[in-house]
Amino acid sequence: MSKIIDLKGSILSLTVLKLYDDRFEVTRDALEQKVAQAPDFFVGIPVVLEPQVALADATFLALLVEFLHQKRMIPIGVRTEDEQIKEQAEYAGLAIFPNTPDKPARPEKPRAASSEDEAGLKSALMIAGSVRSGQQVYAKDRDVVVMGSVNPGAEVVADGHVHVMGTVMGKVFAGSSGETGARIFANRLNPELVCIAGMYQLAEDIDDQFKNGFMEVRLENDKLVFNPDCLN
Amino acid sequence: MSRVIVVTSGKGGVGKTTTSASLAAGLAKKGYKVAVIDFDVGLRNLDLIMGCERRVVYDFVNVVQGEANLKQALIRDKRVDNLYILAASQTRDKDALTEEGVGKVIDDLKADGFDFIVCDSPAGIEKGAQLALYYADEAIVVTNPEVSSVRDSDRILGILQAKSRRAESGDAPISEHLVLTRYNPERVDSGDMLAVDDVVDLLKVPLLGVVPESQQVLNASNAGEPVILDEESDAAQAYMDVVDRFLGEEKEHRFLTAEKKGLFSKFFGK
Numbered sequence: 001m002s003k004i005i006d007l008k009g010s011i012l013s014l015t016v017l018k019l020y021d022d023r024f025e026v027t028r029d030a031l032e033q034k035v036a037q038a039p040d041f042f043v044g045i046p047v048v049l050e051p052q053v054a055l056a057d058a059t060f061l062a063l064l065v066e067f068l069h070q071k072r073m074i075p076i077g078v079r080t081e082d083e084q085i086k087e088q089a090e091y092a093g094l095a096i097f098p099n100t101p102d103k104p105a106r107p108e109k110p111r112a113a114s115s116e117d118e119a120g121l122k123s124a125l126m127i128a129g130s131v132r133s134g135q136q137v138y139a140k141d142r143d144v145v146v147m148g149s150v151n152p153g154a155e156v157v158a159d160g161h162v163h164v165m166g167t168v169m170g171k172v173f174a175g176s177s178g179e180t181g182a183r184i185f186a187n188r189l190n191p192e193l194v195c196i197a198g199m200y201q202l203a204e205d206i207d208d209q210f211k212n213g214f215m216e217v218r219l220e221n222d223k224l225v226f227n228p229d230c231l232n
Numbered sequence: 001m002s003r004v005i006v007v008t009s010g011k012g013g014v015g016k017t018t019t020s021a022s023l024a025a026g027l028a029k030k031g032y033k034v035a036v037i038d039f040d041v042g043l044r045n046l047d048l049i050m051g052c053e054r055r056v057v058y059d060f061v062n063v064v065q066g067e068a069n070l071k072q073a074l075i076r077d078k079r080v081d082n083l084y085i086l087a088a089s090q091t092r093d094k095d096a097l098t099e100e101g102v103g104k105v106i107d108d109l110k111a112d113g114f115d116f117i118v119c120d121s122p123a124g125i126e127k128g129a130q131l132a133l134y135y136a137d138e139a140i141v142v143t144n145p146e147v148s149s150v151r152d153s154d155r156i157l158g159i160l161q162a163k164s165r166r167a168e169s170g171d172a173p174i175s176e177h178l179v180l181t182r183y184n185p186e187r188v189d190s191g192d193m194l195a196v197d198d199v200v201d202l203l204k205v206p207l208l209g210v211v212p213e214s215q216q217v218l219n220a221s222n223a224g225e226p227v228i229l230d231e232e233s234d235a236a237q238a239y240m241d242v243v244d245r246f247l248g249e250e251k252e253h254r255f256l257t258a259e260k261k262g263l264f265s266k267f268f269g270k
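For the record, the sequence lines run as chains A and B. Residue 11 in this note's numbering sits at position 11 of the first sequence, with consecutive numbering throughout. Residue 182 in this note's numbering sits at position 182 of the second sequence, with consecutive numbering throughout.
If we strip away everything but chain A, and leave its shape as in the complex, we get (with noise of 0.2 Å):
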């Protein structure tokens, strides 16, 4: 049977208009200005109303939905915290989209932040001891090597190869921009996840005959490939 809809998540871009002036007048007469500079571009565009200010008229968003329409926009939504504007929005029939910001801050910083500087030879990035628990290692655009282990909870991700001279029993991936000739060497791999270019493996799904002993894991046509006699 044919599928007749699929409801499915999307990003897409969509304009914004942020306002910074709750007088209905002042921000018509602003909006008139712009779309007589370039009528034809803004027909049919959906917009997205980003109010930086309160808006004390209960009746300005109304209004302001009635002038885009009457400048052939869409109006489509609202992005706000405040619960007045939400109530606006609401009579209006907008969409509300929460105020997220732009970019959630990590936790915790990598203990050992792979240097940026672009110049010169890149060298591997060298962990002195183990990582742990909790502890993330990013070696962007280049190796990646721990003296000590990985320990269980802590993820090590590198652009290039990884080298681990301890255990690994956390996570490791190897060539995460998605170089699949990207390896990862380990004296001995017992880890919750490998992962090379984005095909990965959990622990219940290695077999527990590749958990003893120096491992290279490598990727051979998008399988991950555990080779204990890669030294030989």
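These aren't lab readings, by the way, just hints derived from the structure by calculation. Some clues are possibly wrong.
The list that follows gives simulated cross-link-like pairs (lysine-lysine, DSSO-like), each with its CA atoms no further than 30 Å apart [stated by the list, open to error]: (1) Lys29(B) with Lys78(B); (2) Lys104(B) with Lys33(B); (3) Lys204(B) with Lys140(A); (4) Lys18(A) with Lys71(A); (5) Lys204(B) with Lys251(B); (6) Lys122(A) with Lys104(B); (7) Lys71(B) with Lys30(B); (8) Lys78(B) with Lys163(B); (9) Lys211(A) with Lys204(B); (10) Lys140(A) with Lys163(B); (11) Lys33(B) with Lys251(B); (12) Lys104(B) with Lys163(B).
Pairwise CB distance ranges (calculated) [claimed, not checked]: (13) Asp57(A) with Pro173(B): 37 to 45 Å; (14) Lys8(A) with Asp107(B): 53 to 61 Å; (15) Asp244(B) with Asn187(A): 44 to 52 Å; (16) Glu186(B) with Glu81(A): 33 to 41 Å.
Far from chain A, some chain B residues (derived; all Cβ distances over 10 Å) [claimed, not checked]: (17) Glu67; (18) Ala96; (19) Gly103; (20) Arg151; (21) Asp152; (22) Ala195; (23) Glu231.
Even for Gly, the Cβ is constructed at its ideal location relative to N, Cα and C.
Let chain A serve as the given structure and place chain B on it in line with the hints.
For chain B alone, kept in the frame of chain A given last:
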């Protein structure tokens, strides 16, 4: 030269406060001037273990917020000379502490001639725990031989390396020590508990001592006495070893193997 020691673990209920109390009392018995601070604002326990809960007039929060001075808040221990307790507040929460306020208290204690300042950290990795470890020179990580405790200790060790003042200013890192508590060799033999080597292997922190699981710890807590003062008990001897090793003495580790029960004790239970 005063040293600030944080006793921490990540996980709760592993024996931080017991260890703080015994370490502080043990160091004081050696003749050092010691202050022990309860950072667990809102859930204060140290005063109970130290048996001074009825003598708390002003607490740590009062001092941090300038409502009392340090002399008024420090409680002198009645059993051991040179041992002082700074109790936490039970009625406030961890937001009552500030980095500057804690720093000032620690500086004042240093200026007062305290040799060791023991900071008893709350459980968790949030603000209270981070403030307790921020000014530390040494860290004692208390762990039980059990996977979740070891995992949490691993996490707190990472935070010690990243979020202390020493880490932020690029000084020599905090020196880390491990104390394994509630160790039960019989249960290790039967496979119910992690062995000491497994824990040290994972955490890679020098072992300061192993404290056996013992009824005396509970008895001492209930009696309001640091267990180290109950000199006959295994736990007290283990803590004395911890203190000696902390001060740089080389001592062989004890209480690691199950006692073989003789025929006599087999017959008579114990």
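Hints versus structure:
no., hint, in the structure
1, Lys29(B) with Lys78(B), "holds (12 Å)"
2, Lys104(B) with Lys33(B), "holds (19 Å)"
3, Lys204(B) with Lys140(A), "holds (27 Å)"
4, Lys18(A) with Lys71(A), "holds (17 Å)"
5, Lys204(B) with Lys251(B), "holds (19 Å)"
6, Lys122(A) with Lys104(B), "violated (44 Å)"
7, Lys71(B) with Lys30(B), "holds (23 Å)"
8, Lys78(B) with Lys163(B), "violated (36 Å)"
9, Lys211(A) with Lys204(B), "holds (21 Å)"
10, Lys140(A) with Lys163(B), "holds (23 Å)"
11, Lys33(B) with Lys251(B), "holds (24 Å)"
12, Lys104(B) with Lys163(B), "holds (19 Å)"
13, Asp57(A) with Pro173(B): 37 to 45 Å, "violated (59 Å)"
14, Lys8(A) with Asp107(B): 53 to 61 Å, "holds (59 Å)"
15, Asp244(B) with Asn187(A): 44 to 52 Å, "violated (36 Å)"
16, Glu186(B) with Glu81(A): 33 to 41 Å, "violated (58 Å)"
17, Glu67, "holds (34 Å)"
18, Ala96, "holds (24 Å)"
19, Gly103, "holds (22 Å)"
20, Arg151, "violated (5 Å)"
21, Asp152, "violated (8 Å)"
22, Ala195, "holds (16 Å)"
23, Glu231, "holds (37 Å)"
Comparing the model with each earlier hint shows violations of hints 6, 8, 13, 15, 16, 20, 21; every other hint is respected.
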